[in-house]
Amino acid sequence: MTGIAFPAPDPRILARKAEIVAALRRLVSDPEDVIDDPVELAPYETDAFTAYRRLPLAVVLPRSTAEASRVLAYLAREGVKVVPRGAGTSLAGGAIPLEDSVVIGVARMNRVLAIDPLNRTARVEAGITNLAITNAVAEHGFFYAPDPSSQLACTLAGNIAMNSGGAHCLKYGVTTNNLLGVTLVLVDGSVVELGGEALDAPGYDLVGLVCGSEGQLGIVTEAVVRILPQPEGARPVLLAFPSSEAAGACVAEIIAAGILPVAIEFMDNPAIRICEAFAKAGYPVEAAAMLIVEVEGSDREIDAELARITQIARRHGVTTIKESRSATETAQIWKGRKSAFGATGRIADYICMDGTIPTGRLPEVLRRMEEIVRGYGLRVANVFHAGDGNLHPLILYDVNDPEQAARAEAAGADILKLCVEVGGCLTGEHGVGIEKRDLMRHQFTDAELALQASVRRVFDPTEILNPGKVFPLDLRAAA
Amino acid sequence: MRLEPAGEAEACAQIRTLARERMPVRIEGGGTRQAIGRPIQTAATLSSHKLAGITLYEPAEMVVAARAGTPLAELDAALAAKGQMLPFEPPDYRALLGSAGEPTVGGVVAGNLSGPRRIAAGACRDALIGLRFVDGRGELMRTGGRVMKNVTGLDLAKLLCGSWGTLAFLVEATFKVLPRPEAELTLLFEGLPEDRAIALLCAAMGTPYPPSAAAHLPAGVGGTRPRTLLRLEGFAEAIGYRADRLAERLFEYGRCERLEGAASAALWRAIRDVEPLAEPRERAIWRLSLPPRRGAEAVARIRAERACEVLYDWSGGLVWLATEEEEDAGCGLVRSTAAALGGHAMLVRGSRELRLRIPPFHPPAERVRALEAQLQKTFDPLGLFDPGLRAAGI
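Same order as they appear, the protein sequences are chains A and B.
Using this note's numbering, the letters of the first sequence map in sequence onto residues 1 to 479.
Using this note's numbering, the letters of the second sequence map in sequence onto residues 1 to 394.
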């Protein structure tokens, strides 16, 4: 695909590669932490938005805040663009480099610095993977709540950059609701501590501003996160329905009844079939739609809540009710859902969209998405977090057919516009990146975008951090 | 001059006029918290009073939107009718500040004000998912939206929530709401010293039966004996079970009593509104925000040098501290103690003279102050909105 424009590389910077790499090597403790060999750079040329790739000038993997500060200050002084990177799992191209940029990756800053069960906080380096936080605090009886499907690989730094959620954010919120403080390296190399172990910080909520800023305000090297006590237990129930409408209405009624499950996941028939073929999870392949609803608490609480939920499901014509009776069955039910993207990848190439809609518009949006994608002669499978309206339609196409690829991209753009039209937004948990940059005008006025761009410039006046992302390239910042 | 726009377009037009005339304004919601911050004088007041009413309510989506001037009581009643509520338990400081008027949606957002449930369900800023506001150029702006995963681009709602009217004029806010719990039950432990009480609260918050609120009232604060309180909320069948498990786990802290229904609710309302410290009126009131387990330690250090009365909320993470105004109400001591323990302190109540002498808001680090000043210029280039309220000169 070549639809998305990249800023033209600066030949003067490209010509200085050897000098820049040499200078960077002097700034880090181990020269191996600076990568400049084209073969070794290849893994950094894209993120999970693999249709686009650019080899960066170099990659630096600092091992401390001090190193990151020296590196960023040097690059800013020299006018070299910087692309911050976590694990590169974003679907929107937020971590795709530019040819004249240096990637600063936080992957080598992955230590747990302190766990404080009484405060229910953990201080960690930002390159730690999402799941590693939960693993580190588990022995104290805690977990870290946001759980994106890529949690084995994705870093906290990336989660902060994109304000990621996960299946369980209906109850526990997204990253911004579980983040208390950050250590932020600003472009001039100064290091600021924002927030901390207290429940709020003085002054403007800069932690809240940094969360979801897609690496354009600074580089987060450390963070304080909220950790939560593990519930006594959790159990999912699988509910199958004869129509997407019935499943959507069931979700609405569960929430209206005052029940707050930890997760409500939705899959449509194509997704059910794909996942079942791959995971053998026992999914009802004839069903038009399926929900996985998980509740937690004591056995008695779980029994009582599941009883209320299945009662509601019956009113909506549920055709299969499958309550997990063991840890194995629970894992089985989730395995299908969590492997959805991998399973889809086995049968076709796909682009996975990430948008959000008001949950009340679910049935209508599902129908219209199907029409949109069919209109482009392609197929769509739907797996998503129904509780919070975060859609992840998978548009299936053949990557070797450029014409099909262009149609898939166009269908995706139409779906995102539909999200905005019904009152939702362009992103869920993967950010704007480059993919949705040019769609921003469908959601915001130029004045609104200019205000956001001005806020960005407060932190990065020359826009060297993650340039060419989030904002339309021709946007003018407010005077 | 008093400006009371009745709609967004009128608000924009009036602010454009203010910008043309270079006329700064005091922004006002219900006017119940005008005594917070540095005293400022402006020729004009811009009120959200006539910007009232709920604009969107979808119970099945757990989302509600209301104009900035909507009385909180009205919003709460509408949510209660559908068995829902704002998650963050917004406080009412009328008793504390001796003010009249009606707390509004805009006022609560401007102050990021959250009550006892904040420890379990997040602050106002966590429930706030969308905002409409007018910047200092008179442009109507939107940020966030009406869906839970609301943020595309920069999350400006976070920045505006808690900015005390110094960045923009808020016209409408959208919140995520929660089911109103079917029942509540409070576990009451009596007679614990403050360090033990905070240890109990923090231990309780780390169990699989987390309370929705955790507070401690020392002896003499609203009662004769020290009271340590844990509130459980949810379906009646569930909270009874959780109360039993918690009482077992906390056995080492002694026996506990149970308060239910109205008795429990009244107690938490008083804590939410800081009522036990409201009198005598001439005392200064500090709000310390701390890592929860440091609460008692902070108070012990302050008390060693200065007489004060306190109330702990948020598992010890929020300390309300009442002290005499003499010697700048202990400003240096209170602030340095809070900062040394990883927190900060705001003067919420004080005489006009005191609030002119010491900065009511905790001064930020130098580099952060520079960022804040530039942010203020970005939203409000002419310095029209509440100039000098947060700090002298900005």
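Wrong hints could be hidden among the right ones.
What the hints assert, rightly or not - To spell it out: a stretch of chain B is covered by chain A in this simulated footprint if at least three of its residues, at any positions, have a beta carbon under 8 angstroms from a beta carbon of chain A; those stretches are: (1) 44-51; (2) 170-181; (3) 229-241; (4) 371-382.
What the hints assert, rightly or not - Quick list of simulated restraints, FRET-style, between CB atoms: (5) B:D244 - A:T328: 26 to 32 angstroms; (6) B:R249 - A:A153: 46 to 52 angstroms; (7) B:R20 - A:L152: 55 to 61 angstroms.
To be clear, the hints were calculated from the coordinates, so they are not data collected in a lab.
These numbers come from a predicted model, not from an experiment.
Each residue gets a CB set at the ideal place from its N, CA and C atoms; glycine is no exception.
Results for each hint:
1. For the stretch 44-51 of chain B, the assignment as covered by chain A is violated, since 0 residues bring a beta-carbon within under 8 angstroms of that chain's beta-carbons and 3 are needed.
2. Remark: the stretch 170-181 of chain B is confirmed as covered by chain A, as 3 of its residues place a Cβ nearer than 8 angstroms to a Cβ of that chain, reaching the required three.
3. Counting residues of the stretch 229-241 of chain B whose beta carbon lies closer than 8 angstroms to any beta carbon of chain A gives 4, which meets the minimum of three for the stated coverage.
4. Here the stretch 371-382 of chain B counts 6 residues with a CB under 8 angstroms from a CB of chain A, which clears the bar of 3, and the coverage holds.
5. Against the hinted window of 26 to 32 angstroms, the Cβ-Cβ separation of B:D244 and A:T328 comes to about 30 angstroms, which satisfies the hint.
6. The hinted window of 46 to 52 angstroms between B:R249 and A:A153 is violated, with their beta carbons roughly 36 angstroms apart.
7. At roughly 57 angstroms, the beta carbons of B:R20 and A:L152 sit within the given window of 55 to 61 angstroms.
Of the numbered hints listed earlier, those contradicted by the structure are 1, 6.
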